[in-house]
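Student: What follows is the residue order along each chain.
There are 2 protein chains.
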Amino acid sequence: METLENPKEVQRLADLLRCEGKRIGVVPTMGYLHEGHLSLVRAARAECDAVVATIFVNPTQFGPNEDLAAYPRDMERDKKLLTAEGTDYLFAPVKDSLYPEGFATRVEVDRLTDTLCGASRPWHFPGVALIVCKLFNIVKPHFAYFGQKDFQQAQTIRRMVLDLDFDLEVRVCPIVREPDGLAMSSRNAYLSEEERKQATVLYRALGVASELYVSGERDAAVIKARMAETIGAAPLGKIDYAEVVDYDSLHPIDKLEGKPVALVAAQFGRSRLIDNHILGEPFPSAKM
Amino acid sequence: METLENPKEVQRLADLLRCEGKRIGVVPTMGYLHEGHLSLVRAARAECDAVVATIFVNPTQFGPNEDLAAYPRDMERDKKLLTAEGTDYLFAPVKDSLYPEGFATRVEVDRLTDTLCGASRPWHFPGVALIVCKLFNIVKPHFAYFGQKDFQQAQTIRRMVLDLDFDLEVRVCPIVREPDGLAMSSRNAYLSEEERKQATVLYRALGVASELYVSGERDAAVIKARMAETIGAAPLGKIDYAEVVDYDSLHPIDKLEGKPVALVAAQFGRSRLIDNHILGEPFPSAKM
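Protein chains in written order, with our numbering: chain U, 1 to 288; chain S, 1 to 288.
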């Protein structure tokens, strides 16, 4: 695996690869990789000729009191994991090269970002849209891989790609879970042993929603209340939302029709954790 | 000259051209072409292997009470002019293909757009940044050509290209003027005979600013007052601004140092006209 730091160098590489007829797949990450990230690399590996992973802890998607400085980092371990999965290139820019002095441009995706995580973290999706826009212009990929765990992020990027005519396809890959159901996240590393145990309430709340939906419940209020109740049983958790939204608009719905999505978010100690399930799809069973 | 309407078709063409080692130059326009536009085509022709002109009257850069519906159009004449200049491709999309249902993305360039035209037309530069961003992703040019007449637009796009890592160079070409000094603009077509005569006050105001600067005047207030006075002599004109700003920041300056730019804007009948001059550069003489 070759590591590149300079955006211009990556652009020259991308031009070369594209002209050789190679399909480029990009996996944007903030590093501290887990099985979720690696599943994206595998999906890219299966579909593309050149797999480019990016590692950049993007400051613009963190709020003033969030965990930017503390965000877990382990570049050497990440490189080993990426190499083992057959990643061809790693783009790991230094911060100053991406946000030069006088930086003034914003990319915002309206409507999809004012609910759910966007409601409590209004800076987050503009930061994500901006960095992803930049990475697309640098890596020039044919395919870009994101995880369904960050469902609102994936839908936001899909919309941006369509609206700004990016010449690529967005692939959204299934959530990868720990044996007890907890969705994989770099932020799980912050959890104390007891927080880690209790954090499975997010997964279980989605299981409750799935069961209710399968058994015919179509009243969002009922499902939301039961999810909140499940999360509320964890004394170390502080719920942010337990919501049911429309798949496309991401706006809350009262009556479940079409393709509803259940989403949950809660704070456990220093970690803000999120999870979701598209109602009607098979619910993943926990192994323990 | 080949005319293309479909963004995806243009992207396939761009990939092909780039892989043949051809340098692509794009000249984005709203049509109703004049010598100013054609000078951009000539600059592209001199520097590039494939010249792509675009014609699209972009609705998002017009305000609710502006001249979108009335904006002058003459596609057949435009095609003849472009063909005569050796343009290779014309991208002329239909509106709905660029702003599909559910469109939600904004691109904004802060700071550079809150003064001058941005102060009185706050919707304008977000509209410009958005469409130019889209056109860059569609045409994938190596070079993009803009006129200095729209100085604030050119600086805004330069900033956006840098910030979003677009893999291209922005070229800003000199203002092209009528024999009496009036800067060429598609909106000159709206002027009555008398308005057309009086509109030269904009050019003359910049001439006054240039003379004052060359003779050593460094107080912006003096230069602004004399420009406003010159424009005020035209009874059919309604001044919007007569300003001196810093070349890079576009923010008004009190004392002229570095690279100051004088800019003027005024309404003549239905036409809002703008013009500018970089102080210290040779002032273009009128032919009549």
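Just so you know, not all the hints are guaranteed correct.
Unchecked claim - Derived BS3-like pairs: lysine-lysine, alpha-carbon spacing no greater than 27 Å straight-line: (1) S/K95 with U/K22; (2) U/K80 with U/K8; (3) S/K95 with S/K79; (4) S/K22 with S/K80; (5) S/K255 with S/K197; (6) S/K80 with U/K8; (7) U/K197 with U/K259; (8) U/K22 with S/K79; (9) U/K22 with U/K8; (10) S/K238 with U/K8; (11) S/K95 with S/K197; (12) U/K224 with U/K197.
As the list claims (entries may be wrong) - Restraint ranges, calculated between C-beta atoms of paired labels, are given here: (13) U/E66 with S/D180: 51 to 61 Å; (14) U/T3 with S/K22: 54 to 64 Å; (15) U/G86 with S/E5: 50 to 60 Å.
Keep in mind the hints are simulated off the structure, nothing from the lab.
Ideal Cβ positions, reconstructed from N, Cα and C, are used throughout, including at glycine.
Student: Starting from S/K22, check that the Cα of S/K80 is at most 27 Å away, please.
Tutor: Distance ~24 Å between S/K22 and S/K80 Cα, so the pair holds.
Student: Range first: 50 to 60 Å. Now tell me if the beta carbons of U/G86 and S/E5 are that far apart.
Tutor: violated, 41 Å
Student: Given the hinted pair U/K22 and U/K8, is their Cα-Cα distance within 27 Å?
Tutor: holds, 19 Å
Student: Holds or violated: U/K22 and S/K79, Cα atoms, limit 27 Å.
Tutor: Violated, because 36 Å separates the two Cα atoms, which is more than 27 Å.
Student: Between S/K255 and S/K197, does the CA-CA distance stay at or below 27 Å?
Tutor: It is violated: about 33 Å lies between the C-alpha atoms, which goes past 27 Å.
Student: Straight-line Cα separation of S/K95 and S/K197 no greater than 27 Å?
Tutor: violated, 35 Å
Student: Is the Cα-Cα distance between S/K80 and U/K8 27 Å or less?
Tutor: Not satisfied, since the Cα-Cα distance of roughly 38 Å exceeds 27 Å.
Student: Next pair to validate is U/K224 with U/K197; report whether the Cα-Cα distance is within 27 Å.
Tutor: Roughly 22 Å between the alpha carbons, so the hint for U/K224 and U/K197 holds.
Student: Regarding the pair S/K95 and S/K79, is the alpha-carbon distance no greater than 27 Å?
Tutor: holds, 19 Å
Student: Determine whether the Cβ-Cβ distance between U/E66 and S/D180 falls within the hinted range of 51 to 61 Å.
Tutor: holds, 59 Å
Student: Do the alpha carbons of S/K238 and U/K8 lie within 27 Å of each other, as the hint requires?
Tutor: Given that 27 Å is the threshold and the Cα spacing comes to 47 Å, the pair is violated.
Student: For the pair we were handed, S/K95 and U/K22, check the Cα-Cα distance against 27 Å.
Tutor: violated, 33 Å
Hints 1, 5, 6, 7, 8, 10, 11, 14 and 15, counting from the list given before, are not met by this structure.
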